[in-house]
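Using the sequences and the hints given, assemble the complete structure.
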Amino acid sequence: MKRNIIEIKNLYKIYGDGEEVNVTALNNVSLNIKEGEFIAIMGSSGSGKSTLMNILGFLDLPTSGTYILDNTEASSMGHDEMAEIRNKKIGFVFQGFNLLSRTSALENVELPLFYRGHVSSHEMREKAAELLGLVGLSGREHHHPNKLSGGQQQRVAIARALVNDPSIILADEPTGNLDTVNTEDVMNMFSRLNKELGITIILVTHEPDVAEFTDRKIIFRDGEIVEDSPVRKKKKKS
Amino acid sequence: MNLRNAFITALRALSRNKMRSALTSIGIIIGISSVIIMVGIGNSARIAVKKRIYTAGANAITIYDSQKPLTMRNLEDIKRMFTQIQYITPQIYKSKLLVKYKKREIVSRIYGVNNDFFKLKDWDVIYGRYFSDLDIASGNRVVVIGETVRTEIFGYVNPVGEIIQIDSIPFKVIGSLTELGQAFSGRDFDNLLVIPYTTAQVRIIGEKKFDEIITSTFSTEEVDSTTTSIRDYLRIKHSIPPGKPDDFRMETSKDKLKQADYIANVLRILLAFIASISLIVGGIGIMNIMLVSVSERTREIGIRMAIGAKRKDILTQFLIESITLSSAGGIIGITLGLLIYFLIVFFVNWPFLFSPLWVLISFLFASSVGIFFGYYPAKKASQLKPIDALRFE
Ligand SMILES: Nc1ncnc2c1ncn2[C@@H]1O[C@H](COP(=O)(O)OP(=O)(O)O)[C@@H](O)[C@H]1O
Ligand SMILES: [Mg+2]
Numbered sequence: 001m002k003r004n005i006i007e008i009k010n011l012y013k014i015y016g017d018g019e020e021v022n023v024t025a026l027n028n029v030s031l032n033i034k035e036g037e038f039i040a041i042m043g044s045s046g047s048g049k050s051t052l053m054n055i056l057g058f059l060d061l062p063t064s065g066t067y068i069l070d071n072t073e074a075s076s077m078g079h080d081e082m083a084e085i086r087n088k089k090i091g092f093v094f095q096g097f098n099l100l101s102r103t104s105a106l107e108n109v110e111l112p113l114f115y116r117g118h119v120s121s122h123e124m125r126e127k128a129a130e131l132l133g134l135v136g137l138s139g140r141e142h143h144h145p146n147k148l149s150g151g152q153q154q155r156v157a158i159a160r161a162l163v164n165d166p167s168i169i170l171a172d173e174p175t176g177n178l179d180t181v182n183t184e185d186v187m188n189m190f191s192r193l194n195k196e197l198g199i200t201i202i203l204v205t206h207e208p209d210v211a212e213f214t215d216r217k218i219i220f221r222d223g224e225i226v227e228d229s230p231v232r233k234k235k236k237k238s
Numbered sequence: 001m002n003l004r005n006a007f008i009t010a011l012r013a014l015s016r017n018k019m020r021s022a023l024t025s026i027g028i029i030i031g032i033s034s035v036i037i038m039v040g041i042g043n044s045a046r047i048a049v050k051k052r053i054y055t056a057g058a059n060a061i062t063i064y065d066s067q068k069p070l071t072m073r074n075l076e077d078i079k080r081m082f083t084q085i086q087y088i089t090p091q092i093y094k095s096k097l098l099v100k101y102k103k104r105e106i107v108s109r110i111y112g113v114n115n116d117f118f119k120l121k122d123w124d125v126i127y128g129r130y131f132s133d134l135d136i137a138s139g140n141r142v143v144v145i146g147e148t149v150r151t152e153i154f155g156y157v158n159p160v161g162e163i164i165q166i167d168s169i170p171f172k173v174i175g176s177l178t179e180l181g182q183a184f185s186g187r188d189f190d191n192l193l194v195i196p197y198t199t200a201q202v203r204i205i206g207e208k209k210f211d212e213i214i215t216s217t218f219s220t221e222e223v224d225s226t227t228t229s230i231r232d233y234l235r236i237k238h239s240i241p242p243g244k245p246d247d248f249r250m251e252t253s254k255d256k257l258k259q260a261d262y263i264a265n266v267l268r269i270l271l272a273f274i275a276s277i278s279l280i281v282g283g284i285g286i287m288n289i290m291l292v293s294v295s296e297r298t299r300e301i302g303i304r305m306a307i308g309a310k311r312k313d314i315l316t317q318f319l320i321e322s323i324t325l326s327s328a329g330g331i332i333g334i335t336l337g338l339l340i341y342f343l344i345v346f347f348v349n350w351p352f353l354f355s356p357l358w359v360l361i362s363f364l365f366a367s368s369v370g371i372f373f374g375y376y377p378a379k380k381a382s383q384l385k386p387i388d389a390l391r392f393e
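Protein sequences, first through last, are from chains A and B. When we follow the working numbering, the leftmost residue of the first sequence carries the number 1, and every step to the right adds one. When we follow the working numbering, the leftmost residue of the second sequence carries the number 1, and every step to the right adds one.
If you're looking for bench data, these hints aren't it; they were derived computationally from the structure. As the structure is a computational prediction, the values presented were derived from the model and not from experiment. Wrong hints could be hidden among the right ones.
Straight-line alpha carbon distances no greater than 25 Å define the calculated DMTMM-like cross-link-like pairs of lysine to aspartate or glutamate that follow [claimed, not checked]:
1. 385/B x 141/A
2. 380/B x 80/A
3. 312/B x 80/A
4. 385/B x 227/A
5. 89/A x 388/B
Shown next as structure tokens:
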């Protein structure tokens, strides 16, 4: 039996000044995620999916409740510790790619290694080039993001998320800006990362086709989990 | 993140915005180059003035502004009484005389003196000769001309033996002086005429008196005591009772040096003040651009934080960016400043003084301007919340 990598209990996130205009984005959410799971988070717009992802990724803090990652309680951490976890344990993939502009694909992928320390520039280069190869972008190392298609940019972002060998990938609508062909590519890539490397992947999506790739589906409505079920795979023609 | 990575990151960020980086540094470039130019010129001026004062006679004592006329009798007494005196000359001075030779003319000034004058000032005659005893004794109309007078009215003609009109009085040119140079004020030291004092008394001022007596001692140590002795002598001659002030003035080259030093110091403080203001303005320029840069790059900061940049990494990156800008500005400013300073002193014929200490100070100052004015924007950047920075549009 695999251990829980993420444990969330009675999590609340309330936006606002604490007086009148409060939005309860997460309303008493409890959730366990095991190592190596591949999860889709679904739900209508504004239901709290991104809020949860940001908290899971240590980009934001909950208003109350507990979040334990790898047996460490989030609320006990300082800024530096959270930065270190973002650097070493978590890889982010965003809907809008979030690559540094006017910076080559290779340098974008190297970036997390810069903040890791103790990595020689030769090693950085090698590792980044290797990952660009893995996502099928060999030969485009020196292209800037504005010279790459959306699908290619998202693959650079995935390579960047992988460069520090994270245990979790958090992807907030990673295929939201992609066409069907690129969507399929990216999802196949996530599947492989999950199956072959055992990386825990949590992704937010609106598209049932995308959720098909995952093993577990969690549906949000108004800040609450309304459904949490295994994904029944359609039979694929081989 | 280690420092090397921080540097690479900062330099990449700067090179992504080359134009802005260059414009940001301009304030510092101007500030530092003005510091270099001003300090340099201040120091050169000091040396030049010092040299000029020494040319006016090292160990010189000048007696002037006397309410009773200074006479030949005074001069001879002083010369006889004080064996420590090396040179002594009377001086009669008049400016704005019209000098004519054939069709050419120049407005010049005249000194009526004896041959000691040349030795005292260390001025050499390059063509022709000094005054003869006969010239002095009989008040001959002979003149030694300065370099400017020679080039202006004779050109390439040998002036020796030619007759020129000084205020319509004919004088024979017997010699011409070496070039003395120019003051920074533009005053031309070479535009002058030197004639025997006897001639000046008769032909130019029409009175048997001197404006000044200039004398010098053999050694510097004797200047002060000799000054006192001459003062005592003149007070007796002028029958001034004890307690009453002198009716004449005396000045030594030391006094002039002190004055020049004083002026140079005031000048330097003033220049340093102006230069600091321009550096502060440059620093504020850096702060301004860095603040703009931080808010423009909020998303970049968010991305960096999301992939693991700590607060101090962001702080370091932006600090290094501003220090790099100001230091690069410093280096360019130093180079530019030295170049301009060199050109200026080259044209006014002053010494070029290269001071490594000042270059170092300027450089360190430029860098600290970067630290000082870059700190606030960098701090601001580092304290952004990751999620807010990432969401920033
Ligand atoms: N920074 C914020 N300040 C105030 N309200 C916010 C903020 N971020 C999100 N919200 C609100 O919280 C709710 C959940 O948002 P979000 O988690 O982004 O939803 P989803 O990603 O599911 O579309 C929404 O009502 C949204 O308006
Ligand atoms: Mg969302």
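* Can you give the numbers of the hints that this structure goes against, from lowest to highest? -> 1, 4
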